[in-house]
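Participant: Sequence:
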Amino acid sequence: MIELKTKQEIEEMKPAGRFVGRILKELKAMSKPGVNLLDLDNHVKERIQSRKGATSCYVDYAPDFGTGPFAHYICLSVNDAVLHGVPFDYDLKDGDLLSLDLAINVDGWVGDSAISFVVGDDADPEDLRLIKTTEDALAAGIAQAQPGNRLGDISAAIGEVAHENGYSVNLDFGGHGVGRIMHGDPHVPNDGTPHHGYKLRPGLVIAIEPWFLATTDEIFQDPKDGWTLRSADGSRGAHSEHTIAITEDGPVILTSRD
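Under the working numbering, the sequence shown has 239 at position 239, and the numbering climbs by one with no breaks.
Keep in mind the hints are simulated off the structure, nothing from the lab. Just so it is clear, the structure is predicted and the values come from calculations on it, not from any experiment. Where a beta carbon is used, it is the ideal one built from N, C-alpha and C, also for glycine. Heads up, none of these hints are tricks.
Pairwise CB distance ranges (calculated):
| no. | residue 1 | residue 2 | range |
| --- | --- | --- | --- |
| 1 | Leu128 | Thr6 | 36 to 42 Å |
| 2 | Met1 | Asp64 | 17 to 23 Å |
| 3 | Asp60 | Leu4 | 27 to 33 Å |
| 4 | Val59 | Asp89 | 14 to 20 Å |
| 5 | Lys32 | Arg201 | 42 to 48 Å |
| 6 | Asn165 | Lys28 | 20 to 26 Å |
| 7 | Asp94 | Lys25 | 18 to 24 Å |
| 8 | Leu4 | Lys45 | 31 to 37 Å |
| 9 | Thr6 | Pro33 | 45 to 51 Å |
| 10 | Asp94 | Glu135 | 18 to 24 Å |
| 11 | Thr6 | Tyr198 | 14 to 20 Å |
| 12 | Asn165 | Gly66 | 27 to 33 Å |
List of simulated lysine-lysine pairs, BS3-like, C-alpha gap at most 25 Å:
| no. | residue 1 | residue 2 |
| --- | --- | --- |
| 13 | Lys28 | Lys93 |
| 14 | Lys14 | Lys28 |
| 15 | Lys7 | Lys199 |
| 16 | Lys7 | Lys52 |
| 17 | Lys45 | Lys14 |
| 18 | Lys52 | Lys28 |
| 19 | Lys45 | Lys224 |
| 20 | Lys14 | Lys199 |
| 21 | Lys28 | Lys132 |
Whenever a hint applies, use it, and build me the whole structure from the sequences.
Facilitator: The structure is reproduced here in structure tokens:
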């Protein structure tokens with residue numbers, strides 16, 4: 001069921017969004033060659049435990065698309081991994097493409113956001129182009145999150161950016177409603193048809209999250225951890241996400257990292 005938030009409830013969601021955005025900014029600064037993924041996960045754990053009213057949305061999360069409960073505080077996806085990456089004992093290397101996906105509940109409300117970037121100084125131009133495409137697609141989707149538009153307008157804007165840059169789109173996973181829970185209605189596909197679908201109204205809060213792979217749209221679930229989604233051909237992936245609220249004055253980003 002799609003739930004609309006009051007103006008007051010949107011205000012109450014802002015602390016969770018700011019907290020998530022702040023931690024992602026910290027983690028990006030920490031992600032240097034030689035840093036272990038488990039250290040990044042532990043930083044999130046410590047930040048959550050030090051914040052009154054904050055709880056992890058990931059620890060013990062057990063949806064039907066995973067294998068057993070998730071046991072970590074953040075999703076960390078490296079190189080050919082693009083979604084649901086399970087932190088493990090791995091030291092980051094110069095040139096790794098790292099995606100961070102973080103959702104935290106603060107005082108009963110969820111903030112959900114993701115960023116991708118290249119670790120160190122040895123950045124492949126194609127990795128940077130892939131990352132920028134997800135960021136541009138996110139901006140295009142947010143721009144369409146206007147009252148009176150349709151959900152398909154957001155999806156179509158995301159897909160158009162992907163296709164213009166030569167990337168195909170996987171529709172298995174996309175954006176979603178956000179509120180008291182991390183994943184709610186509506187589903188927000190990363191491609192679609194303009195002027196179709198649910199009519200956008202003030203009070204709708206959604207996560208918009210374009211993710212693309214360099215040379216395929218096919219993924220598989222890593223059998224070793226039962227969670228991490230990897231490209232079928234070994235090519236790299238990138239992921240960008242914000243939680244936004246649709247208001248009478250247009251979209252408001254709740255997970256800003258400014």
